[in-house]
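Colleague: Could you put the whole structure together from the sequences, leaning on the hints where they help?
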Amino acid sequence: MNQIYAVLNRHIKYFAIKPVFSTKMIEGSSVQEYGVKMLSIVEKLKDLKALLAKEMYIDMILQSFPPSFDSFIVNYNMNGLDNDLHELINMLVQYEAAIEKSAPS
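Mapping to my numbering: the sequence shown position 96 is 97, numbers consecutive.
What the hints contain is simulated information worked out from the structure, not anything from laboratory work. Quick caveat: nothing in here was measured; it's all calculated off a predicted structure.
Pairs of lysine-lysine, DSBU-like flavour, derived with a Cα cap of 30 Å:
hint, residue 1, residue 2
1, 55, 14
2, 55, 19
3, 45, 55
4, 14, 38
5, 38, 19
6, 55, 25
7, 45, 14
8, 38, 50
9, 50, 25
10, 14, 25
11, 55, 38
12, 45, 19
13, 102, 25
14, 19, 47
15, 25, 38
16, 47, 14
17, 102, 38
18, 14, 50
19, 45, 25
20, 47, 25
21, 50, 19
Beta-carbon label-pair distances, calculated as ranges:
hint, residue 1, residue 2, range
22, 94, 68, 17 to 23 Å
23, 10, 84, 26 to 32 Å
24, 104, 55, 27 to 33 Å
25, 84, 23, 20 to 26 Å
26, 50, 101, 35 to 41 Å
27, 10, 75, 34 to 40 Å
28, 78, 22, 15 to 21 Å
29, 16, 81, 32 to 38 Å
30, 74, 10, 29 to 35 Å
31, 16, 78, 25 to 31 Å
32, 10, 99, 39 to 45 Å
33, 41, 74, 18 to 24 Å
34, 82, 16, 29 to 35 Å
35, 28, 48, 29 to 35 Å
Even for Gly, the Cβ is constructed at its ideal location relative to N, Cα and C.
Modeller: Have a look at this one:
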């Protein structure tokens, strides 16, 4: 009986974590909305006890952003920042606003 639940639990975790690996932010879409989506996926994984290190969640989220965020990602990694996921999303929202402000009209 325990083996059946273990297999079922593994199956549920697999499908819960799949969006983290396969989701990519579309260029021009809202960072705020995308961040909320990613945070909800992470919370679902935590509820299922599919715990990964915080750094792994951060890496997966950062890797899902389009190339226009590459300079942010390099800067984040080079400075060894250690933010929680909510702070990271807030930083990305601020970066998005800065990009939009500096873009030629």
